[in-house]
Amino acid sequence: GQQLNQSPQSMFIQEGEDVSMNCTSSSIFNTWLWYKQDPGEGPVLLIALYKAGELTSNGRLTAQFGITRKDSFLNISASIPSDVGIYFCAGLIQGAQKLVFGQGTRLTINP
Amino acid sequence: GAGVSQTPSNKVTEKGKYVELRCDPISGHTALYWYRQSLGQGPEFLIYFQGTGAADDSGLPNDRFFAVRPEGSVSTLKIQRTERGDSAVYLCASSPSGSSYNEQFFGPGTRLTVL
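If you read the sequences in order, they're chains C and F.
For what it's worth, our numbering labels the leading residue of the first sequence as 256, then goes sequentially.
For what it's worth, our numbering labels the leading residue of the second sequence as 1122, then goes sequentially.
Rather than coming from a laboratory, the hints here were simulated on the basis of the structure.
Here a beta-carbon is modelled for each residue, glycine too, at the ideal position from N, C-alpha and C.
Treat each hint with caution, since some may be false.
Claimed, not checked - Example chain C residues on the side facing chain F (calculated, C-beta under 10 angstroms, incomplete):
1. L259
2. L288
3. Y290
4. E296
5. L300
6. A303
7. G340
8. I341
9. F343
10. L347
11. A351
12. L354
13. V355
14. G357
15. Q358
I would like the entire structure built from these sequences, with the hints used as guidance.
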C-alpha cells in the first residue's frame, strides 16, 4: 500500500531556532495535510495543501506541496516551547478518502 | 463549536472480551473515519462512512472488527474477542463531506488496553 516516509524521526533544537521536516512517497497524492499531536490528544490540523507547488503559511508555519505531488515539507520559524510535540504528514490519493500518515517527527525544544 | 468527541477515553478489558467505542462527530459532518494508532506510529485507516453507509472498510484488520453509523451521526466501533494486539489508541475523525478537499478533524481518541 501507499507509504509516506517522514524525516527526521526526531529533532532536538534550541528555542528560537527554525525547524524543517519533510515527507516523501512513491505514490502521487491529491492533498497533503500536516497535523500536530500532543500526548494523550488526537492530531490537530495545522495546514492543508491542495495544489502541486502550493505554498501555504499559518503563522510561523509554512508548508509546501511538492511539484511532483510526491512530497511535502513543513517549516516552523522561531520555535517556542509550545511547538513541542509530534508532527505528522498525511496524504490523500485521488478517489480515496483514507489518509495515509507518515511515521511522525518528534520535536523537542531545549530552553 | 464542539469538536469530535469519543468515549470512553480509556478502556481496559481482558483478552476475549467484546468492546464498543463511540464517536460523536462534529455536527453537520457527513463523513466519519476511524483510525488506529499504535505506540510510536502514525494513525492507520480502518473504515470510512459517508452518511450511514460504510464507503470503505478496507482497513479493518479482520472480521472481529465492525463499525456502524445507523443514523448518519454517532458511530460505534465494535471489537469482538479482543486480543492483546488490539491494544492501541482508536481515533475518530469527521469532515464536512467526503471529497478530497475536506480536512479531517480528529477526536482525542480512546486508548484500548487488552490484558
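Hint check results:
1. Of the supplied interface hints, the one on L259(C) holds, with its beta-carbon coming within about 8 angstroms of a beta-carbon of chain F, less than 10 angstroms.
2. Interface hint status for L288(C): upheld, as the beta-carbon distance to the closest one in chain F is roughly 6 angstroms, under 10 angstroms.
3. This hint holds: Y290(C) has a C-beta 8 angstroms from the nearest C-beta of chain F, less than the 10 angstroms allowed.
4. For E296(C), the interface hint holds, since its Cβ comes within 10 angstroms of a Cβ in chain F; the closest pair sits about 6 angstroms apart.
5. At a threshold of 10 angstroms, the smallest CB-CB gap from L300(C) to chain F is about 5 angstroms, leaving the interface hint in force.
6. For the restraint placing A303(C) at the interface with chain F, the shortest Cβ-Cβ distance is roughly 5 angstroms, inside the 10 angstroms limit, so the hint holds.
7. Because the smallest distance between the Cβ of G340(C) and any Cβ of chain F comes to about 14 angstroms, over 10 angstroms, the interface hint for this residue is violated.
8. Because the beta carbon of I341(C) sits about 9 angstroms from the nearest beta carbon in chain F, less than 10 angstroms, this interface hint is met.
9. Among the interface hints, the one on F343(C) holds; its C-beta lies about 5 angstroms from the nearest C-beta in chain F, closer than the 10 angstroms criterion.
10. With its C-beta approaching chain F no nearer than about 5 angstroms, L347(C) sits inside the 10 angstroms limit, and its interface hint holds.
11. Residue-level restraint check for A351(C) holds (minimum Cβ-Cβ distance to chain F is 7 angstroms; threshold 10 angstroms).
12. Here the hint on L354(C) is kept, as its CB sits about 6 angstroms from the closest CB of chain F, short of 10 angstroms.
13. The beta carbon of V355(C) comes within 7 angstroms of a beta carbon in chain F, closer than 10 angstroms, and the hint placing it at the interface holds.
14. Taken as an interface hint, G357(C) checks out: its beta carbon lies about 6 angstroms from the nearest beta carbon of chain F, inside 10 angstroms.
15. The restraint placing Q358(C) at the interface with chain F holds, with a minimum CB-CB distance near 6 angstroms, inside the 10 angstroms limit.
Violated hint: 7 only; the structure is consistent with all others.
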